[in-house]
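Novice: Chains as they are written, first to last, in the working numbering: chain A, 167 to 519; chain B, 167 to 519; chain C, 167 to 519; chain D, 167 to 519.
Keep in mind that a hint or two might mislead.
For chains that are exact copies, the list does not tell them apart, and a pair is met inside one copy or across any two.
[Said to hold, decoys possible] Simulated pairs of lysine-lysine, PhoX-like, Cα-Cα distance not exceeding 25 Å:
| no. | residue 1 | residue 2 |
| --- | --- | --- |
| 1 | K282 | K238 |
| 2 | K262 | K458 |
| 3 | K276 | K238 |
| 4 | K282 | K458 |
| 5 | K379 | K358 |
| 6 | K262 | K238 |
| 7 | K311 | K262 |
| 8 | K311 | K379 |
| 9 | K358 | K262 |
| 10 | K262 | K282 |
| 11 | K168 | K282 |
| 12 | K276 | K358 |
| 13 | K311 | K276 |
| 14 | K282 | K171 |
| 15 | K396 | K458 |
| 16 | K379 | K458 |
| 17 | K458 | K276 |
| 18 | K358 | K396 |
| 19 | K168 | K358 |
| 20 | K335 | K171 |
| 21 | K262 | K168 |
| 22 | K396 | K171 |
| 23 | K238 | K379 |
| 24 | K335 | K168 |
Quick caveat, the hints were computed from the structure, so don't treat them as lab data. Note that the coordinates shown come from a computational prediction; the quantities given were computed from them, not determined experimentally.
Number of protein chains: 4
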Amino acid sequence: MKTIKVAIAGASGYSGEELVRILLGHPQVELTAVTSRQYAGQTLAQVFPRFALSPAARRIQFIEPDATALAKLAEVVILALPHGVAAELAVPLLAKGCRVVDLSADFRLKSAAVYKEYYGHEHPAPDWLAKSVYGLPEVYREAIKSAALVASPGCYPTSILLPVLPLLKAGLIQSEGIIADSLSGVSGAGRKAELDYLFCECNESLRPYGVPKHRHLSEIEQELAIATGKPMLIQFTPHLVPVNRGMLTTLYLTPAQPASGETAAAQLAAQVAASYQAAYANEPFVRLLAGKALPDTKNVTGTNGLEIAWRVDPRTGRLIVISAQDNLVKGASGQAVQSLNLMCDFPETTGLI
Amino acid sequence: MKTIKVAIAGASGYSGEELVRILLGHPQVELTAVTSRQYAGQTLAQVFPRFALSPAARRIQFIEPDATALAKLAEVVILALPHGVAAELAVPLLAKGCRVVDLSADFRLKSAAVYKEYYGHEHPAPDWLAKSVYGLPEVYREAIKSAALVASPGCYPTSILLPVLPLLKAGLIQSEGIIADSLSGVSGAGRKAELDYLFCECNESLRPYGVPKHRHLSEIEQELAIATGKPMLIQFTPHLVPVNRGMLTTLYLTPAQPASGETAAAQLAAQVAASYQAAYANEPFVRLLAGKALPDTKNVTGTNGLEIAWRVDPRTGRLIVISAQDNLVKGASGQAVQSLNLMCDFPETTGLI
Amino acid sequence: MKTIKVAIAGASGYSGEELVRILLGHPQVELTAVTSRQYAGQTLAQVFPRFALSPAARRIQFIEPDATALAKLAEVVILALPHGVAAELAVPLLAKGCRVVDLSADFRLKSAAVYKEYYGHEHPAPDWLAKSVYGLPEVYREAIKSAALVASPGCYPTSILLPVLPLLKAGLIQSEGIIADSLSGVSGAGRKAELDYLFCECNESLRPYGVPKHRHLSEIEQELAIATGKPMLIQFTPHLVPVNRGMLTTLYLTPAQPASGETAAAQLAAQVAASYQAAYANEPFVRLLAGKALPDTKNVTGTNGLEIAWRVDPRTGRLIVISAQDNLVKGASGQAVQSLNLMCDFPETTGLI
Amino acid sequence: MKTIKVAIAGASGYSGEELVRILLGHPQVELTAVTSRQYAGQTLAQVFPRFALSPAARRIQFIEPDATALAKLAEVVILALPHGVAAELAVPLLAKGCRVVDLSADFRLKSAAVYKEYYGHEHPAPDWLAKSVYGLPEVYREAIKSAALVASPGCYPTSILLPVLPLLKAGLIQSEGIIADSLSGVSGAGRKAELDYLFCECNESLRPYGVPKHRHLSEIEQELAIATGKPMLIQFTPHLVPVNRGMLTTLYLTPAQPASGETAAAQLAAQVAASYQAAYANEPFVRLLAGKALPDTKNVTGTNGLEIAWRVDPRTGRLIVISAQDNLVKGASGQAVQSLNLMCDFPETTGLI
C-alpha cells in the first residue's frame, strides 16, 4: 500500500490537533513533521497527551516552521496557520515542489481586490490565487486531484455551500434573498487566550458576532457566483454557542417557483430531494436526512460527515434547509484530509471513516 | 405598604420555581400557597433547597391544586401548569372571583379555531378567550391593569414581538417575509424525564426542532396581525442549545423602503433607532444596545431584561434585529409578575430589579 | 433606616461583579464608588450589562483606585483585588479612617513568616496582620463587629472550616489525618485571559491542580490550629471542574473514638448531628441536611448558603462530611457582605436573602 | 488476517454505543449482530446517525436479544445489558459454546454471598462466579486469554485498582485507610430518562451520591483482597459532575514507612515511580505522568488510556495518586475490547489506538 510523507505546519491549535488525530490514524500517510514555534523540541505526545498511545506521537518532535526543512521531510504540507502567516510559508514550499493544503483563508479568494476588502491588506502572493483550487471535494474533486495548492474552505462556507449549491444549480431557488444563520462551537475561535473565550464567558452564553459582514462571506459569495455565473450577495449571521465542537446552519431560501400550499410545497420538497440525491447520493460524507429526522451536531462531531435536512413551509412557501457538521472536521481538518486523499489518489474516505 | 395574597399553581416545574424565587423576594406579595400533586405535603424549602434561606419557603407546604382552597388563600393565582390543565383550574378560580395570570397557552389565542388548529382539540372555555388579556405589558399595559385573566406570553413570542412590533407599527418594515431564528436553553423544554433532554443528549448538541410549524406561531401571528390589521405569516425556527437558561432570537426583516448602500442603510438604522426609542425609551425592562454592542444571553439571565440590537446591512439592504432574554424570566415568570404588578397597581418593576 | 456608603475596589473581576450584584440590592448600602484601572470612565451598566436595570448601575462610573478619593466617598471599602495589590490600597485607606473588608489573602494570616512561606515575599504591612479579623462570621462574629480590617476567607477555607471546626472543638474527630477533597467552578480562577481557562480547555475536562501544597492551606491550618490550640496539618486537593460557580468539598475525618459497626456509627452520627446543631442551628446561612439528602451545588449557587451533610461509614468507622457553597458568594462576596452587615450593626442577613 | 464474528447484546445504551464505535473500526472483528428490544428492526445507522458513514452500520439491523440467534451469528458476544439481565443471556450463550464478555456486574464477584449483600437478591448462576475471569488485562492477562466468560470491570474499580494494586503488592502502602474520591461524567448513569440526569439538573451541578456504600465497593475490595491475601475495606465516594465522559479518581494512601519530610517523601516518590514502572512500563494503555504533569480527563476521553500521577506530601507524609480515564472506554467498552483481543489472540491494542 502506497504511503506518502505529510507534514503539518501549525499543529498546536485546534485544527492542527485534529489534523494530527486524523493523520496518526491514516493508513497511507506517514506523518513526518509538525511545526510550532511555541512547542519546538517537545513531542506530539507531550503537547497532546491524548495521542500518547501512538508510537509516532511519542517519537515526532515539533520543529520550527521552515520551508527548507519541511520540503525535505514531506511531499505534502498541510498548513493550519493563522491567515497571513500561511501564505508566507506556502509560497516557498510550493517553489520547492511541495504540494500544499492550506486551511487558512489566504488562497481561497480568486480576486486580490476582494481579499484586500475583507482582510485589510494587499495579498502577498496574488499569482497563486488563480492557481489554487478551492478544496471542496464535492464540487472541485477533479481539480483537487492535480492541484499543487488546495485552499481548504472555512467551516461556515462548507456548512452553507454544500446545501445551497445543488439547489442553485438546479434552478430550484432564487439567487436573491439567501439567508444563512449559523451556530458555531467555541473551538472555531481558535486556541488563543482572550477574555471572550474564557469558560465563564462562554458557558451559559449565546451571542451573535461579526454582524453583518463576516470575513467568510467573501468566499461563500465567490463560490455561489461561480455556480450561478453572476454576482451573489447573501445574508450571514454567525453565533457563538457553548459547545466545544459543532456547527449548525439554518438556511432560509426563496423557491424559484411559488411553493405555498400543501401541494406546491410537497412538490418542491420532492424536487429538492431529487436535486440533493443527484448531487450527493454517492458522496460518502454528505448525509441526506429522510422522514422526520433533523440534523443534530452530536450526530456528526468527531466525524467528517455533514447532515442535511430540508422542509418546505406550505404556509410561507419558503424552503428551509439545515446542515450540521463538526467545525473542526468537515469544516476544517477532515475536509483537508479528504483533499489530501484526492491529491494522492487514495480512496477518498481513507482515514476518515 | 399594601400587600396582596398570591398563590402559584404548578410550582414544581422550572417556571414555577422561578415564580417562587421572584415572589419570595417581592416586597408587596405574600405567597400564600403553592400547588403540586407530586410534592403535596412537602415545604418549598424541601423541594427547592435553594430557597431554604427564606423563612416563608421553610413554612409554605405544597398543596393539591384545588380551586376552592386556592380561592380562599389568594386574591391572584398564577398558573404554571401544562397546556390544557391550566384552563381546567382557571375557569373555576375566575368564577370564584380570583384574578388569574396564566403562563400556559390556554388563553393566549383569540380564536377558538386557531386554538384547535394548533393544539389539536376544542378549546375548553372559549368564552374566556375574548375576555383574557395578552400579558405583554409593553403592549397591553392598560388592559392588563384591570384584567381578570391575563394570558402571559410564551418565551419565543416575547423575544420576537418586542423587537418586531414597533417596526411594523412605524411602517419601517414590510409585513411579508419576516424570519425569526431562535435559540433556547433546555429549561424551555420543562422539567420532564425524557431521553431528548438528558444531559448527555443535550450537552455538545445543537439542533432545530418543531420545523416549520411550532405552536407558538399562532400567538405570534395573532399579535402581529392585530398590529398591522391584516393576516400575518412569519417564518420561525426554534433550536435547542446547551444552556440552562437564555433565549437569543435573530430576526431577518425586509425594509419598507430599499436600504442598500451605505447612505440608505445608515438612514434606516437611524429610523429604527428612533422607532425603538419612541417605543421603549421609558420601558424599564427593554434595553436598546448602542454602538458595537450585540446581545448576549449572559447579560440578561436571572433578570427580567430583554436586550435588542439592530444592524442594516448595506450590501443586502436587509434589517437584522437580535434580541436576548432569559426564557424563564422575561420569557415566562418575570413577565407574569410584571403583569401582576400592573394588576395590583404596584410600581411595575417591584420585585423585578 | 440607616444606610452606609460603601465602595468596591477592583469591581471588574468575578468577585467584584458579585459584590456589585449584592450591594445594588442591599437596602442599607449606598454603593458610592467602584474602581477599575481598565474600565475607568465607564459605568457599571456599560461594563456589566446585566445590572443595567438598576438606576445606580447606570449612574456609577468606574474610577481609578485611589485611597484619597475612596476615603472621601465611602465609610467602608471592600477590596476585590489581587493578592499584594490589596495591601497597597488597604493600608492608606485604614490610615484615613476607612474600614476595610479585604477579599484577598493579604491579611488572613497572623504570621508574617507563614505569609512569606506561602506567598513568596515579605508581607508589606505586618503590623496589620495582628489587627485584622478573619472574616468568618460563624466563628468571629463579635470581633468582626468592631474590626477596622476584616480579612474575608477564601472559598476553599470556608468550605472546609465550617464543617470541620465544630467537630474538632467538640472533640469528635482526631486532629490528625484530616483530608479535604474539593471541586471548584472555573470562576474561582478569576477573570483572566489564560489558555488553561478557555472554554474548550475546561469544558469536558476534570483535573486536579496545586497538589499537594495549595496556598489556601496556610489559612486553613492557621484557623484549625487556633481551634485546637496546637499546630495542624491537613491534606487538601483542589480540582477544577466545568461549572461557572460552585464548590463541593468532601472531607474524610477520623473519629476520636472508634466508630466501626452499625451501633457505634449511628452513635457518632448522632453526636455529629448534635454538634452541628449546637454550632449552626441558629446560623442563617448554614444548612444541615437531614435524612438521605446530600449537598448539591445547584442548591446554593447564587445564594450565601452552605450545605453540610455527614455520614459515618460503619464498615470503615470513618466520618465523611460534605459541604456545598457558591465559591463567589459564601466563598467570597456574600461572606464579605455578611461581615459588612456585622460591622455596620445591620441584621446579618440584610441583602443576602 | 484472521477475523472473528462478534455480537453486542444491549447496543443502545452509552456503553453499547461505544462498543459499536470501537468494533466498527476494529480490523479483525466482524460485527455480526446488535440487540435492542426497543430498536429491533432499525439499523445501527438509523439509531446512531454518527455511524452512518460506515457501510456496516447502514446494513446491520438491531435484533431482539435471543441466545439461540446470537450463538449462530457470533463466536463472542459482548453484553452491555443491565445487571441481572446480563446473566440471563450469558448462561444460555455459554451453554451454546459462545464466549462472553460481560460489562455488567453479574459475574465480577467470586462470592455469591457478597453479591447478595450488594445487589439484594440471590445470584442467578453462582456456578459461573468461580469460572468467570475479572477482565482487567493488566492483572489477569493470561487468564483472560482462555476465558469463556470475562466479567469486565466497572469504571470506578478500574480507576482505583490500576493505581492501587502495584503499590499494595510492592508493600509501599498500608492496606488500611485507603480512600478513593472519584468524579464521573453523566454517561456513567446510563441512557435512561430520569429527572436527576436531565441537562438542567446536571449542568452547573456538583454532587456526591451513593455515600458511603456504593455497589462497586464489592468488586474493588475483592480484588484488593486477592492482591493482599486478606480482607480489605476502603473508603469510596463517587461524585456526579457535568461532563459527558471522563472519570477522575484521587486516592489518599498511607505509606507503609513514614514519609514526612522532604527526604523521606522524595525517597517514597522514587519507590512509587519504580513500582509503577515495573508494573506498567510495558502496558500500552497505562500512562505514567512525569514531572509536573497532572491527569486531565480531556487527555484520555475517546481513548483507552488511563493516566496516573502521584505526589508524596512531605508535610503530611501521605501519598496522593490521581488517575484519569474515559468511563466509557478504559472504564467499560474499550477495556472489554482489550479483553476480546486477548481472548482472540489479537495484538492487545488492535482497534484501540
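Novice: None of the hints should be skipped; say for each whether it holds.
Specialist: Tested hints:
Taking CA atoms no more than 25 Å apart as the test, K282 paired with K238 passes in neither setting, with 33 Å inside one copy and 54 Å between copies. Proximity of K262 to K458 under the C-alpha cut-off of 25 Å is found in neither arrangement, the shortest distances being 52 Å within a copy and 41 Å between copies. With identical chains, the CA atoms of K276 and K238 are never at most 25 Å apart, being 30 Å at best within one copy and 60 Å at best between copies. Proximity of K282 and K458 under a CA criterion of 25 Å is satisfied inter-copy only: 23 Å between copies versus 44 Å inside one chain copy.
Taking the shortest alpha-carbon separations for K379 and K358, only the intra-copy value of 22 Å comes in at or below 25 Å, while the best inter-copy value is 29 Å. In the homo-oligomer, the alpha carbons of K262 and K238 lie at most 25 Å apart inside one protomer (9 Å), although the nearest pairing across protomers, at 59 Å, exceeds that limit. In the homo-oligomer, the alpha carbons of K311 and K262 lie at most 25 Å apart inside one protomer (19 Å), although the nearest pairing across protomers, at 53 Å, exceeds that limit. Neither within a single protomer nor between protomers do K311 and K379 lie at most 25 Å apart by alpha-carbon distance, with minima of 33 Å and 44 Å respectively.
For a Cα distance limit of 25 Å, the shortest separation of K358 from K262 qualifies neither inside one copy, at 31 Å, nor across copies, at 43 Å. In this assembly of identical chains, the alpha carbons of K262 and K282 never lie at most 25 Å apart, being 27 Å within a copy and 58 Å across copies at closest. Taking the shortest Cα distances, K168 and K282 never come within 25 Å of each other, neither inside one copy (41 Å) nor across copies (58 Å). With identical chains, the CA atoms of K276 and K358 are never at most 25 Å apart, being 29 Å at best within one copy and 40 Å at best between copies.
For a Cα distance limit of 25 Å, the shortest separation of K311 from K276 inside one copy, 19 Å, qualifies, whereas the shortest one across copies, 60 Å, does not. Proximity of K282 to K171 under the C-alpha cut-off of 25 Å is found in neither arrangement, the shortest distances being 34 Å within a copy and 55 Å between copies. Proximity of K396 and K458 under a CA criterion of 25 Å is satisfied in neither setting, with 35 Å inside one chain copy and 33 Å between copies. Taking CA atoms no more than 25 Å apart as the test, K379 paired with K458 passes between copies only; the shortest distance there is 13 Å, against 34 Å inside one copy.
Taking identical chains as interchangeable, the C-alpha atoms of K458 and K276 are never at most 25 Å apart, the minima being 40 Å within one chain and 31 Å between chains. Taking CA atoms no more than 25 Å apart as the test, K358 paired with K396 passes in neither setting, with 38 Å inside one copy and 48 Å between copies. In the homo-oligomer, the alpha carbons of K168 and K358 never lie at most 25 Å apart, since the shortest distance is 37 Å inside one protomer and 47 Å across protomers. Taking the closest pair of Cα atoms, K335 and K171 never come within 25 Å of each other, the shortest separation being 38 Å inside a single copy and 46 Å across copies.
For the homomeric pair K262 and K168, the shortest alpha-carbon distance inside one copy (23 Å) is at most 25 Å, but the shortest distance between copies (44 Å) is not. For a Cα distance limit of 25 Å, the shortest separation of K396 from K171 qualifies neither inside one copy, at 41 Å, nor across copies, at 56 Å. In this homomeric assembly, K238 and K379 never come within 25 Å of each other (Cα to Cα): the closest approach is 41 Å inside a single copy and 48 Å across copies. Taking the shortest Cα distances, K335 and K168 never come within 25 Å of each other, neither inside one copy (37 Å) nor across copies (48 Å).
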